[in-house]
Structure formats: C-alpha cells, structure tokens
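Going line by line, the protein sequences match chains A and B.
Under my numbering, think of the first position of the first sequence as 64, with each following residue one higher.
Under my numbering, think of the first position of the second sequence as 276, with each following residue one higher.
No wet-lab data here; the hints were simulated from the structure.
C-beta: ideal position from N, C-alpha, C; glycine also.
Any given hint might turn out to be false.
Said to hold, decoys possible - Derived SDA-like pairs: lysine to any residue, alpha-carbon spacing no greater than 20 Å straight-line:
| no. | chain 1 | residue 1 | chain 2 | residue 2 |
| --- | --- | --- | --- | --- |
| 1 | A | K281 | A | I346 |
| 2 | B | K361 | B | S413 |
| 3 | B | K495 | B | E365 |
| 4 | A | K301 | A | I198 |
| 5 | B | K495 | B | K352 |
| 6 | A | K66 | B | G332 |
| 7 | B | K389 | A | G289 |
| 8 | A | K67 | B | S318 |
| 9 | A | K208 | B | Q327 |
| 10 | A | K97 | A | D113 |
| 11 | A | K66 | A | I339 |
| 12 | A | K338 | B | S318 |
| 13 | A | K338 | B | D411 |
| 14 | B | K361 | A | F149 |
| 15 | B | K489 | B | K361 |
| 16 | B | K290 | B | G332 |
| 17 | A | K281 | B | K392 |
| 18 | B | K352 | A | K97 |
| 19 | A | K281 | B | G332 |
| 20 | A | K338 | B | K290 |
Unchecked claim - From the derived model, a few chain A residues whose C-beta atoms are all more than 10 Å from chain B:
| no. | residue |
| --- | --- |
| 21 | V96 |
| 22 | T118 |
| 23 | A285 |
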Amino acid sequence: MEKKRAIRYTVCFGILFVLILIFTALNICIGSVKIALPDVFDVFFKNSADEVTGTIVLNIRFPRTLAVLILGGALSLSGYLLQTFFHNPIAGPFVLGISSGAKMCVALVMVFLAGNALKINSATLIFAAFVGAMISMGFVLLMTKRAQTMARLIVCGVMIGYICSAITELVVTFAQDADIVNLHNWSRGSFSGQTWENVRIMAIVVFIAFVLIFIMAKPLYAYSLGESYAMNLGVNIKVLRVLIVLLSGLLSACIVAFAGPISFVGIAAPHLVRKIFNTDKPIIMIPACFMGGSVFCLFCDLLARNLLSPTELNISTVTAVFGAPIVIIILLNKKGRAEQ
Amino acid sequence: MSVLKTDKLNVGYNKKVLIHDIDLCIEKGEILTLIGPNGAGKSTILKTIARQLDNLGGNVYVDEKDYSKIGGNEFAKKMAVMFTGKVKSEMLSCGDIVATGRYPYTGHFGLLSKEDKEEVAKAMELVNISDIKDNDFSKISDGQRQRVMLARAVCQDTDIIILDEPTSFLDIKYKLEFVSIIKKLTKEKNLTVIMSLHELEIAKKISDKIVCVKGDRIDKYGTPDEIFKDEYIRELYDIDDTKMSENIDILKI
C-alpha cells in the first residue's frame, strides 16, 4: 500500500507536469494569429523566425502564459491555505471576499494616484491589494466567532465581497474616462497585458510565499486535525495562524494586483487535486495544488482568449463555468454525509 | 515519584475561576477518572492540565517539573490527548491520522522514518485497528474513530494520556471494548491515564483513583471503594428520590 501510494503520487505529479507543458504550448501557439510549434521553438532557440512572430511569442503570449501559470498556482494555493485554516472545503479568497477587498483597495489607489498623473508601480499595487485583503480577512475572522457553520461563514464572505465590489464600482464611476476602460476590464479579472516586469515581480513574490508555505507543511498537517490536537503536538498555534493569514493574503493580493479577482479557482483546483491524489497531506497538497491551479487557469485562459475570438472573455466567466459546479457538488456531498 | 501532580490548581475560562484548589497526585501506571454532573468542569480541568487553557493559579508538575517551563516539543513527548469533539478530516486515511502522533519525533518536513512507521503499526495493533489502516477516516464508524484517535495518542509515546469522555459516542459494546484497551495499555506500557467518564459502573471497575467534581471544588478524591458507597453518588449528582420517581412515572406514559 505504501508503494501503491508512492506510485500514485508520482504518476499524478507526472500527469500534472505534462499537462502544464501541453497547455503552455497551446497557449503560446493558439490565438488570433496561429503559430506552429516549430516556429515557436525557432523563436526560442534559433532567433530565426520573422519579427512579427517573435514579438507575439516573446512579448505577448509567453509572458502572459507564465503569468497565468504563476498566478493560477498562487490562487489555488491560497485557497488551500484558507480551507485548511477554516477547516472548510469551500473557503477560498474569492468567496470569502478577500479578493474583492484587495480589488477595492487597488481601485482606490489606481484612481486617486492616476488622477494625480503619478506612475503606479506593481509593488504599490501589490501592497494596496495586500492591505485590502487583510481588511476583508479581518472582517471574516471577526465573523468566524459568531458564524460557526460552514455555510454561514461563506454567506458572510460573499456579502463582504458585494460591499467591496459596490465601493469599487462607485470609485470607478468617479474615475476619468481614460482610466475606466482599463479599470473595468481589470476589475472583472483578466490576464491580458502582462509585461515581463510584472512576471518578474509576481514570480519573486509567489516563489517566496511558496517556499515559506512548504516549510510550514508539518505544522499544517498537525493543524488539519484541529487546534487542540495541534497544540498538544507542540505547534505554536498563534504563530501558525498569523502566518497562514498573512501568506494566503499575500498570494491573493498578488493575483488581484496583476489580474483582478478570479473566481472559484481557489476552491475548484484544490478539490480536484485532493480527489486525484486521494490525500489531504499538506506536503503533497502544497506543490500539487500549485500545479493543479496552473493547469486549471491555463486551460481557462485558453478558452477565454479563443472562444469568442477576437473578443476576449473575462477569465472569471470561464473559471466560474467550470468552478461553480464543483462547489455545488462539494456542498451537496457534504450534506449527504451529514444525513447518514 | 509522581508522574503528574497538581498543587492548589485553579481552572476556568476567560480568567474566571470555576474550580479552585485542585490537589491531585498520580503515580505511573495508574488510571485516574474524573466524574461529576454535566458542566461540572471536568473538561476544563483536563484542558488546563494539558496546557490547552491558561492556568489560573497554583501549578502542575509533570515528572516533578513545573509544566509551564517545559518546551512545546518536549511536552508533546510527555502527554498525549484525546478530546470529545469529532475530528473533521478530508481524505486522510486512518494510518495518516495515527501517524500525526509521531509529530514530535519527526524531522522538519514531518516525514516518517522506519522507526516511526513501526511505532504507528504497533499502536494500531495494540488497539486492534490494523485492518482499517488504509480506510478513509471520515467514513468509519464512531467506535473505530475513537480507537484511531486512541492509537494516535498511543504512538505519541508519552507517559501520560488524557482522555476527555472517550466513550461518549459509543454504544455499550464499544464502551467495554474501549476501556479494556485502556486497561491493557496501562498494564503493558505502564501508561498513566487521566480521563473523564459518565459511566459510573465503568469508572468504578477500571479506575485506581476517582475524583468527584462538583460545584467550584473537588468534592471527593479517593479509591473507587471509598467513593462508591452509601448515598454519596446520589448526592454528587443531586438525585432526589421523590423527584426521580416522578420523572420515571412520566417516562412510563
């Protein structure tokens, strides 16, 4: 059995890795201009392709694909952390209103700073998003004391999300015409327009967060039994809780700063990964969730770009179509088990 | 030498003392059982001894050391716990759950060594759950679940195990089976068990010492023979004969 499990894990990781490669290739090749795979290799290794193809691959599709890969993974991981934290399989940055809080702060910063003709760098945006994420998280934590059940917590989170979105809309209405177009697209979630500079920063932030989370795998495992058991095993609960909140907030903030709020990936991807791997052990789940989130988002972004080409769909539209049913399934399964 | 000793210990929630001046002394291999009416504060005492709640006065000595001065990891090697609340877990096998007991002994990433795996297997053997090692923890019966949690505490390899109402979800067959396993543990591994129970008959048979918790104090503390005599139990649980027969009459309808 030990061996069987090890084989299962290896095979699953292998499949996820291959899927990432396949979808990365598809994302680079397919688009309003189709590029054959050999041409893509030419661009990377020989520099022999024509200039237009080179520009499309290197400056548009490749950075975008990398951004989707990194942010998708981050989103899924952030969802996994929140699920572990709340012992609730349908917790996630979007349903708990954390993404919307981050969105609100970023919109405020964008509108007011842009109005003063200041250039906003990505570090400022991440910071603003982080502050927003922490504000929402603060409210959610306050409510967990009163809302003990899973469903209530989620409803409260969704309401916080609506409030934040309303404020964002209000801000957008007051923004100047030129900003609105950008803001509007972004506030609904989109991976478009990623520069290499963005990719570099998000890679650094997400990488650091990932390493820290991976180091926390052991206490997270103890925590999954509940706080009293973790405490008995010598885990410093207070420190662990603070770290989970900060890191999941940082990941959510990073996603919102670059791509806006993206729905359901944080719940759907970890759930699917859990089912495929048939375990909830953090040491397996942390890397697996990251890879699963990447695959999920690469797939969704591919559809978002090409389904109604040349018009681009919001990424949340696509992720919701695939993610929301999964949430419903989880909820229904939960109920079925409780009644047994 | 006492394994665990409390000295004028005060326990309670939110800085409010519920029970004061608790003096207990437990030797190695003994079973100490807390009995008393619902809400008397049995769990509060157990949680305070296990450092889950702040100590509100007095002190606890584990192996004659001040328990607040023992590091988290070291303390985890001295005392294991099992609480009443159901563990909500997703997609973890019983073996995985038991293995968390090895936490204080594993390295930084919590990977199990060969020795750890042997300890897990031994603990599961001891409580007769080796056959459900690979079953999903959320899909087994309550009786099995309690035994898995006990195996988890056993493989933590401590001198003391604290059990908070370990038999409450079980039917009579599992109750008896569970306490016989506990008795076996104290004999074979020389474990010290501190637990709370509702079943007085079981408490009487299995315990070396019994603590009666009532109101804001320890009402009585002694061997089962000293506790279970005369009208004391009626007094402890406030059972009024005339009221009792009235209640029974109502039940007959």
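Please list, smallest to largest, the hint numbers that this structure does not respect. Hints 3, 5, 6, 7, 8, 12, 15, 18, 19, 20 and 23 not satisfied by this model.
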